[in-house]
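> The listed protein sequences derive, respectively, from chains D and B.
Residues in the first sequence are numbered from 1 upward in steps of one, following UniProt numbering.
Residues in the second sequence are numbered from 1 upward in steps of one, following UniProt numbering.
Worth flagging that the hints you see were computed from the coordinates, not collected in a lab.
None of the values given here were measured: they were computed from a predicted structure.
Careful, some of the hints might be misleading.
Claimed, not checked - Computed list of lysine-lysine pairs in DSS-like fashion (alpha-carbon distance at most 30 Å, straight line):
| id | chain 1 | residue 1 | chain 2 | residue 2 |
| --- | --- | --- | --- | --- |
| 1 | B | Lys478 | D | Lys774 |
| 2 | B | Lys96 | D | Lys656 |
| 3 | D | Lys594 | B | Lys96 |
| 4 | D | Lys774 | B | Lys87 |
| 5 | B | Lys337 | D | Lys757 |
What the hints assert, rightly or not - If you want the footprint, here are the derived chain B segments under chain D, 3+ residues with CB under 8 Å:
| id | segment |
| --- | --- |
| 6 | 181-192 |
| 7 | 257-265 |
| 8 | 405-416 |
| 9 | 521-531 |
Said to hold, decoys possible - Some chain D residues well away from chain B (every beta-carbon gap over 10 Å; in silico):
| id | residue |
| --- | --- |
| 10 | Trp70 |
| 11 | Asp192 |
| 12 | Glu245 |
| 13 | Gly310 |
| 14 | Glu354 |
| 15 | Ser488 |
| 16 | Lys594 |
| 17 | Lys624 |
| 18 | Phe653 |
Glycine is no exception: its CB is placed at the ideal position from the N, C-alpha and C atoms.
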Amino acid sequence: KYYYAFNILKIELYEMGWNLKDGLRECLVAAAPYGGPIALLKGHYRRSPSARPQLEIYSSSGLPLASFPWKSGVVKQLGWTVSDDLLCVQEDGTVLVYDLWGGFKRHFSMGNEVSQSQVLETKIFHSPYGTGVAILTGALRFTLATNIDDIKLRRLPEVPGLQEAPSCWAVLTQDRQSKVLVANGSQLFILDNTACTPVTPPGLSPQASSIVHMCVSFSYKYLALLTDSGHVWMGTSNLKEKLSEVDTKIKTPPKQMAWCRRPKSQQPSAVVMWDGLLIVVGECKETIQYHLDDDSVLVPELDGVRIISGTHHELLQEVPGACEEIFKIASMAPGALLLEAHKEYEKESQKADEYLREIKEQSLLSEAVRQCVEAAGHEHEPETQKTLLRAASFGKCFLSNFPPEQFVSMCRDLRVLNAVRDYTVGIPLTHTQFKQMTVQVLIDRLVYRKLYPLAIEVCRYLKTPEYQGVSRVLKHWACYKVQQKEESDEVIAKAVSVKLADAAGISYSEIATKAYESGRTELAIKLLEFEPRSGEQVPLLLKMKKSPLALSKAIESGDTDLVYTVVMYLKNELNRGDFFMMLRNQPVALSLYKQFCKHQEQDTLKDLFNQDDDHEELGNFYVKASYKDQRLEARVALLQSAVDEYYKAKNDFSAKTTEDEMRLLRFQRKLEEEKDEQLVGFSLQDTMTTLLSVGLHKHAEQLYKDFRVPDKRFWWLKLKALAEKEDWEELEKFGKTKKSPIGYLPFVEVCIKHHNKYEAKKYVSKVTPEQKVKAHLAVGDMEGAAEAAIERRNESEISTVLSRCSATTDHLLMERLNRAKATAVKK
Amino acid sequence: MAHTEWKDAPGLPDFSLLKRLARDQLIFLLEQLPGKKDLFIDADLMSPLDRIANVTILKQHEVDKLYKVELKPIFVLMFTDLVNADKVAGRFRRYKIIFTPQKFYACETVLEEQGVYGDVTTDEWNFYILPLDDDILSLELPEFFRDNFLEGDQRWVTTAGSALRLLQSVYGSFSKVYGIGRCAKMVYESWRELMEDGEQRTRQPEFAKVFLVDRDVDFVTPLCSQVVYEGLVDDLFRIKCGSVEFGPDVTSSDKSIKVMLNSQDKVFSEIRNEHFSNVFGFLSQKAKNLQTAYDKRRGMDIQQMKAFVADELKGLKQEHRLLSLHIGASESMMKKKTKQDFQELLKTEHSLLEGFEIRECITYIEEHINRQVSMIDSLRLLCLLSITENGLLSKDYRSLKAQYLQSYGIEHLLTFANLRQLGLLEEQQAGETLTVMESKVGKLVNDKTVGKLTDAFSSLAKKSNFRALSKRLALVPKSGEEYDLRVPRDMAYVFSGAYIPLSCKLIEQVLERDGWTGMEEVTRMLNGQEFAVTEARSKTDAQRIVLVMFLGGCTFSEISALRFLGKERGCRFIVVTTAITNSSRLLEALLDNSA
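Isolated chain D, as found in the complex (with noise of 0.2 Å):
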């Protein structure tokens, strides 16, 4: 079943399941790695003008995909990029991208230069930015993208000397840069954005006049080089180091020839194809030669070769380690042994005893166990995948502490693997590559080709979080599924939402957009209703100019910004009739754009209040502008304006009170032009204490009367101006005027707070009774206020007196209170 030679094995993978007459003869091929999808162009090198060519895509099995009759213009070279998309570069520099499935999605230019000169060549390449497009034009320049999801197209430097096409070139990633390595004859140069380098291999044997063929390795780390004179060089990328050198003792020039090695691997080998021939090159002088029957492709991976022919899909891989040590004939290795333990212990003989005492007593126990798991991660046969896993887990039951998380999981891989693998699906992956894929992207691949059951049956099986697993692969079946346009939308949308009831983390948006994006708009409103949050229905509403809905959706998110979002959108969507009526159906919204429009547009705020017929706000707007402007007669008319609208707004203390103010401001205008005092612009109050204080009595009593002022007011204010310019005489004669609304206390206490004690006392016999105690205190009158208080019977009063005698003076004053406090207590 194993070809040993040289540590090199070929196993077949498929069969191939398509039907081609000529085999690949006259077909441009391109397979995408990691056990991708492979597209042909039938018919493409025979030019009639009658026959177009045909565009075919199958899966790595060779069962169909896609299969349509190529329209557009001359392929130069087909290719896939890292997300399984097709690219077809035309002669004129146009570059077509097809889905798996042949769908057109879009297409991009190379560039004028590219289309002026025509495309010579073309080469697709990989790397950690995506996938690139290099190109080298009928010019003999080099146009290169590195990205073709961010196209920024580098045009690289002369090639010096160079007349017609070079021998070969290639691209490397180095630095990260995408640089073009170019051999014209002998000559070597590395092209990068700014200059153009020449190179020489080390120890490249003198014979050779020109280098006819070179290829890179997958990680971009070596190099091999073909001579004319059929000796293949191969060495690290970067041309400092030689790995060796072999002679093929074939001067034609091949095919093609790619890299086949595994990551971390000690040997280089390289794969040089002719036709009917293969052979491979290592790091001795011998070869090892395989013939094909049939036109093939080289698809160089990341640890090996697949061969794809008319009939049959190969792999060619070095030997990996654990296997070698295992299966090598008469092989002492400790997972040999055990295997060997275990297939006796099948046969229950004792021989399995023998063997495992072997092993452990060099106590390489766990280390057989690990040869083993790992050597049955790289084997493709279930069958000899179970006997070494088997193997293992007999070798695992005399150990104790053994951590079974690397048996665990790689029969979970294999199972998962297994499956792909699959005639059915068709995805050849290896551990290793599978491993540098990752299970997400493996879950994307799947959902890719429509393969949900199977990409839901592996999240579950893997235990891949929900978030990543299961609800990422239902929301990319239901957005395929609202495209199928022959169900109708209420079956599409039950369907929806049944399958993804439960799962969790769902963006029914996402799902409710794709829909919108194919024209169904009614389905896309439909399912936006199973979007529990409100806030992510908002913005695809609004694309599909359902506002009414989105502005009531975003209100119920209860995301101020949002509302904000979608009244902002409206307002420039519509008109302002329209605006403001949908405003005025929606409180919040309405209440955020007044906000809104109190910094930024006053005007726009009345024409709002106007429209709701709000006198009152219109009222207080006007109120408002008027202490914003410093002209006093558009402070009236304002004010006017105010009042009219308290008056219909039936708020006739505002009206009233607005126009008071009105002829306030007339009033103090009035009285700054004759008397040349600061007025406009105060209260009422700070009015009368200006004109009191500057002796503008007769004014002031005008504004009293004119005004309504309650008198107690006027009466505090009159006071204290008085008292302030210590005007005793006036204060008398007002005291005199008529009885003191406010009392008499206070005039007593102005008094004696601007220090005149001998005033103070004029007032204490007007003080009504029950303040008479207090007065005599702030005059200092103890024995007047002990009088008052007894008099009065009063038990606090008697108390806060005594509280202020001294001890000392006024001993005797001190022991009537206490008398008096006691008969008032009695009764």
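Given the structure of chain D, go ahead and fit chain B onto it with the hints provided.
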């Protein structure tokens, strides 16, 4: 201290972590623009920023010059001018606007309209929470109150939700969430939504219960004069971001001194929750002790003296400095607050709370207005009167309003419109009975969408029902009983024994009942909107740490009351507030006499 703390009161989580998170993010944002840079900072952000990253740290990250920008609403416009000026001058700089705590769509719209959108990059500094103290976390959003309750602008709801989420992701999930108020409900929902979007982490929670409360559930408490030391300091000197500037009358020198007020200050932490009548006595006792400690050095030999200087002197000096400051402050307080008029003011407030001698109160308020004693205080008394009396009689309403306008100018018409909208100052509606009002509210509340639509106008249908609430919850102790402020027996001590803060009483009741059952009558009077949700079960110490989030601000008196409650019940309260507020800040936010 008068009470003994529970021996096993749970320790508080370490909130300095939040500061570190915020600082690291800021530094990351600064480092994204390598090289020297100038920083323009919104004036309101200065103090919080200083608590997170001081000038030294900023300089380390190549901040060259710092500019303070005062023009708040048009910050973006100022920025536009700057960019254009640079363009004219031919200067080339890179511009970045960092929005905090979050960027709003409208900001980008304005930038776009101004035509500088392409010139700048924008970023968010998700600085949600500033820990002011061991048990106080602030969102530093003073505008929350006006925006949310007056303007009906709910943009801060998500911010509050994000803050909760931040707390949850750092300190573990909550087991129980209670709340009351429309905004509280929205914050809760916004937080739930954020949680669903993100990853769930299960870890041992450091606090398990959360109580969300809207400021408009209880307007009475913030309108009362504060008499607990910390509250009084805030009323008199205005504490800003946890620090206060004591003027010359306190420091008894010609300089002002900025002091951090938090639990690090040993003197302050002992008096902050005390009624101010006790503070002076406490401080003088403390001064005596200090003297004794100083006196120790007499009769020491050299060795002892050395040890004294090395170990104790610095601590004593520090304490000395703080003590003299607080003595200065309380002196200045006593001067102002023991005067006759303050006593009368308090008496009036207490009468209003009790509902006695309302006529006298009205007369007092009238005089207060007529004499122009204080614009804010007059307004405060008017509001207290209205809330406690369920609105003013038409006659009083008009006359008081007219007098107020005569004193302070007609522009306060707008202030009154605002106060009415919030239900702070209303006219009693003749003929409209309570039941009519309630059935209206009830209808709105039942229908979820309608409820949401009417959010903005919720306050229109608001009645305070203070008197009935007060009876039901026994907020006002019976008058006539002696209340020893040295040995407080309930939370009423924060208002001289005259009133238990409604907000705190609600929290106490709900925690006691583990929900709202049995309080249907109360919630009905508070317009419903209460909720209690069990998120997860947990049986750890965390159960005894309760997070209380005030939406719209809370006062130091409330914090003191909760600290007291915590001591009584053997649990700890952590207060998260949109900002620290008091009566002046609350009312100033509602003034409309400028702009």
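> At least three residues with a C-beta closer than 8 Å to a C-beta of chain D: is that true for the segment 257-265 of chain B?
Our answer is that it is violated, as 0 residues pass the Cβ test (under 8 Å) against chain D, missing three.
> Three or more residues of the segment 521-531 of chain B near chain D by CB distance under 8 Å?
Violated, because only 0 residues of the segment 521-531 of chain B bring their Cβ atoms closer than 8 Å to Cβ atoms of chain D.
> Take a quick look at D:Asp192 and tell me if its Cβ sits farther than 10 Å from every Cβ on chain B, holds or violated.
D:Asp192 is indeed farther than 10 Å from all Cβ atoms of chain B, at 27 Å.
> For D:Lys594, which was marked as not at the interface, is the minimum beta-carbon distance to chain B over 10 Å?
violated, 8 Å
> Check whether the Cα positions of B:Lys96 and D:Lys656 lie no farther apart than 30 Å.
violated, 52 Å
> Check whether the Cα positions of B:Lys478 and D:Lys774 lie no farther apart than 30 Å.
Roughly 29 Å between the alpha carbons, so the hint for B:Lys478 and D:Lys774 holds.
> Examine the segment 181-192 of chain B: at least three residues should have C-beta closer than 8 Å to a C-beta of chain D.
Coverage by chain D holds here, the residue count being 3 at a Cβ distance below 8 Å.
> Over 10 Å from every CB of chain B: does D:Trp70 meet that, or does the non-interface label fail?
holds, 44 Å
> Run the distance test for B:Lys337 versus D:Lys757: straight-line Cα separation, threshold 30 Å.
holds, 25 Å
> Is the coverage entry for the segment 405-416 of chain B by chain D consistent with the three-residue Cβ rule at 8 Å?
Coverage by chain D holds for the segment 405-416 of chain B (9 residues, Cβ < 8 Å).
> So is D:Glu245 really clear of chain B, every C-beta pair being over 10 Å apart?
Given a closest Cβ separation of 49 Å, the condition holds.
> Check the non-interface label on D:Phe653: least C-beta distance to chain B beyond 10 Å or not.
violated, 6 Å
Consistency with the previously given hints fails for numbers 2, 4, 7, 9, 16, 17, 18, ordered from lowest to highest.
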